[in-house]
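Heads up, the numbering used here is the position in the sequence shown plus 18, with the first residue counted as 1.
Simulated from the structure, these hints should not be mistaken for laboratory data. There may be inaccurate statements among the hints.
Under the rule of at most 16 Å between Cα atoms (straight-line distance), these lysine to aspartate or glutamate pairs were calculated in the EDC-like manner [claimed, not checked]:
1. K79 - E209
2. K79 - E189
3. K79 - D213
4. K81 - E209
5. K81 - D163
6. K81 - E115
7. K79 - D163
8. K81 - E201
9. K68 - D213
10. K68 - D195
11. K81 - D213
12. K68 - E201
13. K81 - E189
Here are the computed distance ranges between Cβ atoms for each label pair [stated by the list, open to error]:
14. G204 - G229: 46 to 54 Å
15. G73 - N39: 27 to 35 Å
16. T211 - V246: 19 to 27 Å
17. R143 - R192: 38 to 46 Å
18. R143 - M20: 23 to 31 Å
19. G183 - G97: 50 to 58 Å
20. G229 - D140: 46 to 54 Å
All of these numbers come straight from a predicted model, not from anything done at the bench. For glycine and all other residues, C-beta sits at the position ideal for the given N, C-alpha and C.
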Amino acid sequence: MMRLATLFSRSQASSPALGNNSYPTALSAALGEEQVYFPGLAEWYPALAKIARGGAGNTVKLKFQGTNDPADPLLIGAGNAQISLYAVAPGLSIRLEQATGVSVATSNASSGGQRLITLASDADRRPADTAASLHTFIATNLGADFVSAVGAGGGAGIMGATSIGALAVPELPRWLDIESTREDTGTTAAEHTVDAGLAGALQIAFQVRTGGWRAVRCLASGTAAPGVGDLALITMSLPG
C-alpha cells in the first residue's frame with residue numbers, strides 16, 4: 019500500500035506564503051507539509067512537482083535536502099493546542115508550569131541549560147495561553163535557544179493546565195542540499211528553477227537522491243515576490 023506525502027505546499031495566498039527569493043527554515047504542519055523518513059531502499063526515489071505561475075507571477079525554485087540527525091521535534095500539547103520544539107544548540111531542556119493566579123502573564127526563567135516557562139492565566143485563574151501565543155512567546159523571548167512551530171489547526175486551542183517536568187529538547191537537524199534530476203530535461207542539480215510561463219502550469223517528475231539519508235524534505239520559493247496564482251506543490255508516493 020502506498021501513501022502520498024506532501025513535502026511542500028504553498029502559494030502566494032497561503033499562510034505561510036510562498037517566499038520572496040527566500041527558502042523557509044522549517045516546514046508547516048498547518049499546511050500538511052512533512053519530512054519523510056527512509057523514503058526508499060533505492061539510491062534514487064521519485065517526487066512530483068506541480069508548479070503554477072500567475073499572469074503577473076514569477077518563476078519558482080526548489081531543492082531537496084537530507085539529514086542523518088534525529089529529525090523528530092519535542093511535541094507539547096495535542097491537536098490545535100500543540101507546538102513542536104527544537105533546540106538551537108545541544109544540552110537544552112524545557113519545563114512548563116501553569117500559573118494559578120489572577121491574570122498572570124506568560125514568563126520565563128533560566129537555570130543552566132534549563133528553561134522554565136510559566137503559562138499565563140486569565141482573570142478567572144484559568145489557563146490562557148494558546149499554542150499560537152506560546153509559539154509567539156518562545157520566538158520573541160527564547161528565539162536564541164529554541165525554534166517552535168504550531169501544529170495542525172493553527173494553534174488556536176488553549177494549552178490547558180499544562181505542567182511538564184524538565185524534558186530534553188532535540189537539537190535542530192542539520193539539513194544538507196542533495197541532488198535531484200528533472201525527468202523532462204535530464205538536468206541533475208541541487209537546485210532547480212522552474213518556469214511555468216505566465217498564467218501557466220507544469221507537472222514535473224524528479225528523481226531524488228535519497229540513498230544514505232535518514233530523512234528527506236523539499237523547500238521551494240519564488241525567485242522574486244510571488245504573484246496571485248503562483249503555487250508550488252511537491253509530493254512523494256511512499257510505501258506504508
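Now the hints, each set against the structure:
1. K79 - E209: 7 Å, holds
2. K79 - E189: 28 Å, violated
3. K79 - D213: Given pair K79, D213 holds - Cα atoms ~9 Å apart, limit 16 Å.
4. K81 - E209: OK: K81 and E209 at ~5 Å, within 16 Å.
5. K81 - D163: 27 Å, violated
6. K81 - E115: 40 Å, violated
7. K79 - D163: Violated, at about 30 Å.
8. K81 - E201: Given pair K81, E201 holds - Cα atoms ~15 Å apart, limit 16 Å.
9. K68 - D213: 11 Å, holds
10. K68 - D195: 20 Å, violated
11. K81 - D213: 15 Å, holds
12. K68 - E201: 14 Å, holds
13. K81 - E189: With a Cα-Cα distance of about 23 Å, the restraint between K81 and E189 is violated, given a limit of 16 Å.
14. G204 - G229: 46 to 54 Å: 19 Å, violated
15. G73 - N39: 27 to 35 Å: 20 Å, violated
16. T211 - V246: 19 to 27 Å: Since T211 and V246 have Cβ atoms about 20 Å apart, the given range 19 to 27 Å holds.
17. R143 - R192: 38 to 46 Å: 43 Å, holds
18. R143 - M20: 23 to 31 Å: Once the Cβ atoms are compared, 50 Å apart, the range 23 to 31 Å for M20 and R143 is violated.
19. G183 - G97: 50 to 58 Å: Violated - the Cβ-Cβ distance for G183 and G97, about 22 Å, lies outside 50 to 58 Å.
20. G229 - D140: 46 to 54 Å: This hint holds: roughly 53 Å between Cβ atoms.
The structure shown violates the earlier hints numbered 2, 5, 6, 7, 10, 13, 14, 15, 18, 19.
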